[in-house]
Amino acid sequence: MSGKGGERGERKMETGIAAVEKVGGRSTVTRCFSKYPLKLIVPNKVGSSKTDAVWIYTLSYGGGIVSGDRISLSIGVGDGCTAAVTTQASTKVYKSVDSKCSEQVLEARIGRNALLAVIPDPVTCFSTARYSQKQVFRVFSDSNLVIVDWITSGRHESGEKWEFELYRSTNQIFLEEDQPLFLDSVLLEQASTCSIAERMQEYHVIAMVIILGPMLKHVQNQVQDEVKKMMSRHFRVPTPTAGHYMRSESQSGPTRPALVASCSAFGPQAIGVVVRIAAVTTESVYMFLRHHLATLEPFLGVIPYG
Amino acid sequence: MDCDMEEMSADNVKTSPADHLQQWSQWQLLDSILPTGGFAHSSGLEAAVQARFVVGPEDLKFYIIQVLENTGSLLLPYVYCASKFPDVESWFKLDRLLEATLTNEVSRKASASQGSALLRVAASIYVEIPSLKQMRDTYLGSGAASFHHAPIFGLICGLLGFDSSTSQRAYMFITMRDVVSAATRLNLIGPLGASVLQHQIAHVAEQMTKKWMDRPVEEASQTSPLVDIVQGCHGYLFSRLFCS
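First to last, the sequence lines map onto chains A and B. According to the UniProt record's numbering, the first sequence is numbered sequentially starting from 1. According to the UniProt record's numbering, the second sequence is numbered sequentially starting from 1.
Derived by calculation from the structure, the hints in this document are not laboratory data. Accuracy of the hints is not assured; some may be wrong.
Unchecked claim - Cut-off 30 Å, straight-line C-alpha distance, at most; resulting in silico cross-link-like pairs (DSSO-like, lysine-lysine):
no., chain 1, residue 1, chain 2, residue 2
1, A, Lys-134, B, Lys-93
2, B, Lys-84, A, Lys-134
3, B, Lys-211, A, Lys-95
4, B, Lys-109, A, Lys-100
5, B, Lys-109, A, Lys-228
6, B, Lys-84, B, Lys-211
7, B, Lys-109, A, Lys-217
8, B, Lys-61, A, Lys-161
9, A, Lys-161, A, Lys-22
10, A, Lys-134, B, Lys-109
11, A, Lys-134, A, Lys-92
12, A, Lys-228, B, Lys-61
13, A, Lys-50, A, Lys-22
14, B, Lys-210, B, Lys-61
15, A, Lys-39, A, Lys-22
16, B, Lys-93, B, Lys-109
17, B, Lys-210, A, Lys-161
18, B, Lys-109, A, Lys-229
19, A, Lys-100, B, Lys-211
20, B, Lys-109, B, Lys-61
21, B, Lys-109, B, Lys-84
22, A, Lys-161, B, Lys-84
23, B, Lys-211, B, Lys-93
24, A, Lys-22, A, Lys-45
25, B, Lys-211, A, Lys-134
26, A, Lys-95, A, Lys-35
27, B, Lys-210, A, Lys-134
28, A, Lys-35, A, Lys-45
29, A, Lys-134, A, Lys-161
30, B, Lys-93, B, Lys-133
31, A, Lys-50, A, Lys-39
32, A, Lys-100, A, Lys-161
None of these values were measured; they are calculated from a predicted model.
Given the sequences, and given the hints that come with them, work out the whole structure.
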């Protein structure tokens, strides 16, 4: 499907546009445009027909992002609507050719009392890849948003562990047009002093989950409580004086957690919550996401990452 | 390099009395005895120890370097901009931006707490700069500002007449100073060992400063996700000495 002629200026800029609006009282994709290297797919039905939600799948031609690719996607979720944006598989970013950087940009506007869930599979950057990603969300005080942004260390089956050259991921949320609510940028770049692998130690996955909005308060509270319970287990035993630790370096005792996470509230009246996770295995993060986002099923029709 | 040295001596000769007086203010600002409550914060070191990310002296050195890298990439732009434009309006914008950028609740609260204390102390000490007290009086009651540490530090440096390069280097210095101090209080290292370590990593701190200095706040980013996650766990600790 293509956009109208009047938006030709827009089309030159964007590789994908999607709009979700209420039609006959139901969330409906009223506009869906995509061009190479992006493909948007909107299945007719995902999950229960009782649920008012649309699902939009983003695909890259060739199953991955090639060096120098520029993908920009613009999404509008109208008042009272619910939309989920996801992928069919992890996003592979191939090696950089001539030091070119590939880039993905998402701009989304979420209406009043609307819900947008951006719940993709992780990004996997191959050796020497250079990749930059920016997601900008514009919300109202009663908009709702779930964002999962995550990356794995590479093709660890082939022994690739954090061997890409550059990864940058920026997530920004603005309230009522221009008030900065959440500004985050993660930059992983190989450095002479310390490689990314050294910095990440035994962890192979980094993930961030943002849950924002009044409709999702119960999800936020549950995540905060459970992350606290889960992590407190690792700190429960009072440590002997740390001097003892420093003496016996080869101690046999509890090891580092295989999944470590911390949860923070942010924004006025703690309107949102952000969880940051580092894990040894991708599967453990899938499990974490399945578990903590299960309460979204009534909104989205299926359990995310189920 | 030689050119710089010559310019410096020429400046010293020209502005000698003011420059020397400035050094007293500078040293006082960086002295750990300044009552800004910096010692209540460990930059996540306490959580790192309890989660077994820091077990031996090599881990400690590595952890401190990660903290410095993250400080450089995330906070130096704020020190830079505040010191270059040391006026209340610019400071307020930076404060709001940093409030949205410090998404880790533990470090956000630590930053606000240290910044507030620093402003209170600076307003009392540097009476020759009435704008510090004015700004504090204006914003304290309204709750509109968080008084985050990096912009306040940069603002004070700028108002005291320090160049932005010195201001940024100074911010890295006090960050390193406080983590090393936390390490001694956590019994990870003795006071002499801590001093040796601090000098050992000074050249790395200088490298980080040079790498991350003079950047706009739009470029502020985190480069050590593990440090951020571990610091965010401070609230889950069973027993703790520090606030963060």
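Going back to the hint list, which numbers does this structure go against? 4, 9, 22
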